[in-house]
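Generate coordinates for the entire structure from the input sequences, incorporating the hints supplied.
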Amino acid sequence: MNKNKKIPSSKGPLTGVKVLNIGTAIAGPWAGTLLWGFLGADVIKVERPAGEYLRLLFPRQDGIATAYTATNLNQRSAEIDNKKEEGMKAMQQLALQADILIENFRPGVADRIGLGYEALHETNPNLIFGSTSGYGDVGPMKDLAALEPHLQAFSGLSDMTGKSGGDGEMIRFTHLDPTGATFFCGLILLGLIERERFGHACWVRTSHLANTIAHMMNRVAETLMTDEPIERLGSASSISAPNQCFKCLDEKHIAVACDNQKQWEGFCRAISSDELRDDARFKTNVLRVKNREKLAEILQALFETKPSRWWALRFEAESVPFGYNLEFDDLLYHQQIVENEYLTTLHPRHTGAVKVGGLPWQFSKTPAKIDPKVPIPGEDTEEIMKSGFDKNILNQTPKSPTENPELPLKGITVIDLTQGVTGPFLGLLTAEAGATVIKIEPPEGDWAKKLAPETSTGNSALYESFNRNKKIITIDLETKDGLSKLREMIGKADVLIEDWGVDEAEKKELGYEQLSLDNPGLIYLALSAFGEKGPLRNRPGSELITQAFTGYLRTLGEVNEDPVRAGADVASTVTAGMAFISLLASLYHRLQTGEGQRVSTSQLGSLMAIKTLQWSGMTNPDDWEGNFCKNETVGAAYGQRTTDGAIFATPSPALTQEKFFEMIKEFGMYDEFITEKELMDNWWNSFGVGTHSKIAEPLWNKYLEKLTTEQVLEILNRYEVWAVEFVKLKDLIEHPQLQALGMVRQLGDQFYLRAPWSTPWGYPELQSIKYSGND
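Letter by letter, the sequence shown follows residues 383 to 1157 in our numbering.
Keep in mind that a hint or two might mislead.
Taking CB as the label site, the calculated pair distances span [as the list claims (entries may be wrong)]:
1) 1093 to 783: 50 to 58 Å
2) 1144 to 942: 48 to 56 Å
3) 1099 to 445: 33 to 41 Å
No farther apart than 35 Å at their CA atoms in a straight line, the calculated lysine-lysine pairs in the DSBU-like style are these [to be verified]:
4) 1012 to 1112
5) 629 to 747
6) 545 to 1084
7) 1088 to 1110
8) 831 to 773
9) 773 to 393
10) 792 to 755
11) 831 to 874
12) 688 to 545
13) 1112 to 644
14) 665 to 688
15) 1152 to 1110
16) 1112 to 676
17) 393 to 634
18) 672 to 853
19) 629 to 1088
20) 889 to 915
21) 768 to 688
22) 1041 to 831
23) 831 to 862
24) 781 to 644
25) 1012 to 915
26) 781 to 792
27) 524 to 1047
28) 644 to 545
29) 1012 to 1110
30) 781 to 862
31) 1088 to 1076
32) 644 to 676
33) 890 to 874
34) 629 to 831
35) 792 to 672
36) 1084 to 1112
37) 688 to 644
38) 853 to 471
These aren't lab readings, by the way, just hints derived from the structure by calculation. Glycine included, each C-beta is placed from N, C-alpha and C at the ideal position.
As structure tokens, then:
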């Protein structure tokens, strides 16, 4: 333990950590904001004098891009020209003082500008260097740029998203950028903990592609472990049924989800149908998924007989997860959002009030904080050039290093009391970092075993994938003997994870206040669906319900048609990523002080934070322009179609108007394009994420559909256009780029996806699930 300093309990868990953030766009800045800034670190964000690309986006509020405002919080802002001697000296001095450096350039760029790991580590051997690139720093695509839509197309996320029988489509919202930043944050925290425990300041690396694939792990497992095809299912789910949206008599859609048998039985009582409950076709979840279309047909006819309010009352009484497809105005005044502060108001003096997502975690001893004051871009330049980081914060005293870097959580014991998706995925992340994870299951087992599709073990692919590298013990917590055994185990543990629901642990005398008396260093992490305050605090949740609540369904599908969900379990895995951050931050605080604490994270809070760019864009824009304003009303996004698929393309900064016109002549569309004055005036924005891309889309499709995907990509790449094809998830597994990243590993006759990071300490040995029976 580092006893050099005592962190005041009123400050965040990362107080005293100094972070130099030279990241750009969203992934880099949001990593600095979300993790280090909110959690108490001293963060300095450095941009080139002209400002970074994010400032150019729409919408804007008082002339400033709302996306820029929302992703540059809780940090000081400097504009420094490192091409000049004075600027480079200032950057080197900042790196000399820092504990962490964050960058998300393409591989080799940091070295080229004199701010690479080797150069900086030579003068500051205590510096942890965090890098995330588009596709990784190895493989045939390592030098390509990657924006959010490129990753949605190439990763297979679009392949699994869309209406049944339709084409794959993209989420019309920047989801992967903040999601990637979340997993990037967790990785850098692992680097910090490794340094504190084992003395090595390492270079830790990940990529946008790796993080995207990791947050789709359950769908990847379906591909790796079964022969079931990846299908687009509209609002339905591949793992359970019924789990989709139904239109009611009042023309409103209600989202309903039965993830386990208990919820299915409650659902049948709610709709007063013993006949459906006893129907052999729907006896088990796997059978209901197999007969999903027939079940949905029966239920849709039933839902149309009553208004949504009727069904809501019935589902509430039977504890069946349900919800509605909400919009921004619904959320602004929703009691659940207000009481948990999942929306908060910034007060930048240069833009006026801006709404952003609130904190996704609550700490009992080291509260995180969003500073409502937002710096004017570059306003701290002079002070930072002169003084650098806060001189009152002493540099960390390095621990005497072990011979080689060690797994950061080696020797840490985690008790995992969770079931389903979020908690087990969180437990897996800790196991991948070296923790000993003991998963406690009831006599009937984790309900996720019964999800679809089944593997050769009889368990679901999700269960097999999320619970490897753990020790599974069965304990009946309904007995005094079982509770006694669990308390004894917790007394020796470092971390406890539970998802029982608000106040349920206290009823078993297993709440944090009770357990911390015997184990004051315990880090207690509670997961919930909707947060620990508000009228929904005890309501069960589900992936679809959270997607609907936070407006994800409003950015998919066609306007006024049946809803479409994101094909991956984005709410569940992002929540695990957020919880991983809070767990590691609490562990870092314990290393400094010896104190444990209670932390809570919810699915609703996590997705509200992820959608912060949407909330800021819709607050009070200068004009109704840009993706964050229009994404709910422009209709499905399929990319540009070719004869044999689809591609997504966006201009690079090197594309000139002259080259653009040469390019569209090759496609044969020049003569028609120049007749459209609006497109001519906005040629740069006529494709990709441009403001006029939807207007130009029919013209692009008309000409690109005459060519194959390979032919289209060959032309685009010659003209400095960033372009990728839409890839099926099954094909991605065999793609040379994914193979180069080394994320898919084999154990026996089975394949597993590993954590999305590249580090000097590597991975623990891959192990299948270990059952220890009754304990």
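Here's how the hints hold up against the structure:
no., hint, result
1, 1093 to 783: 50 to 58 Å, "holds, 54 Å"
2, 1144 to 942: 48 to 56 Å, "holds, 51 Å"
3, 1099 to 445: 33 to 41 Å, "holds, 35 Å"
4, 1012 to 1112, "holds, 32 Å"
5, 629 to 747, "violated, 45 Å"
6, 545 to 1084, "holds, 23 Å"
7, 1088 to 1110, "holds, 21 Å"
8, 831 to 773, "violated, 54 Å"
9, 773 to 393, "holds, 18 Å"
10, 792 to 755, "violated, 39 Å"
11, 831 to 874, "holds, 28 Å"
12, 688 to 545, "holds, 25 Å"
13, 1112 to 644, "holds, 33 Å"
14, 665 to 688, "holds, 25 Å"
15, 1152 to 1110, "holds, 32 Å"
16, 1112 to 676, "holds, 27 Å"
17, 393 to 634, "violated, 45 Å"
18, 672 to 853, "holds, 31 Å"
19, 629 to 1088, "violated, 39 Å"
20, 889 to 915, "holds, 17 Å"
21, 768 to 688, "violated, 68 Å"
22, 1041 to 831, "violated, 55 Å"
23, 831 to 862, "holds, 26 Å"
24, 781 to 644, "violated, 51 Å"
25, 1012 to 915, "holds, 32 Å"
26, 781 to 792, "holds, 16 Å"
27, 524 to 1047, "holds, 30 Å"
28, 644 to 545, "holds, 28 Å"
29, 1012 to 1110, "holds, 28 Å"
30, 781 to 862, "violated, 44 Å"
31, 1088 to 1076, "holds, 20 Å"
32, 644 to 676, "holds, 21 Å"
33, 890 to 874, "holds, 19 Å"
34, 629 to 831, "holds, 30 Å"
35, 792 to 672, "violated, 42 Å"
36, 1084 to 1112, "holds, 29 Å"
37, 688 to 644, "holds, 24 Å"
38, 853 to 471, "violated, 51 Å"
The structure fails hints 5, 8, 10, 17, 19, 21, 22, 24, 30, 35, 38 (numbered hints given earlier, in ascending order).
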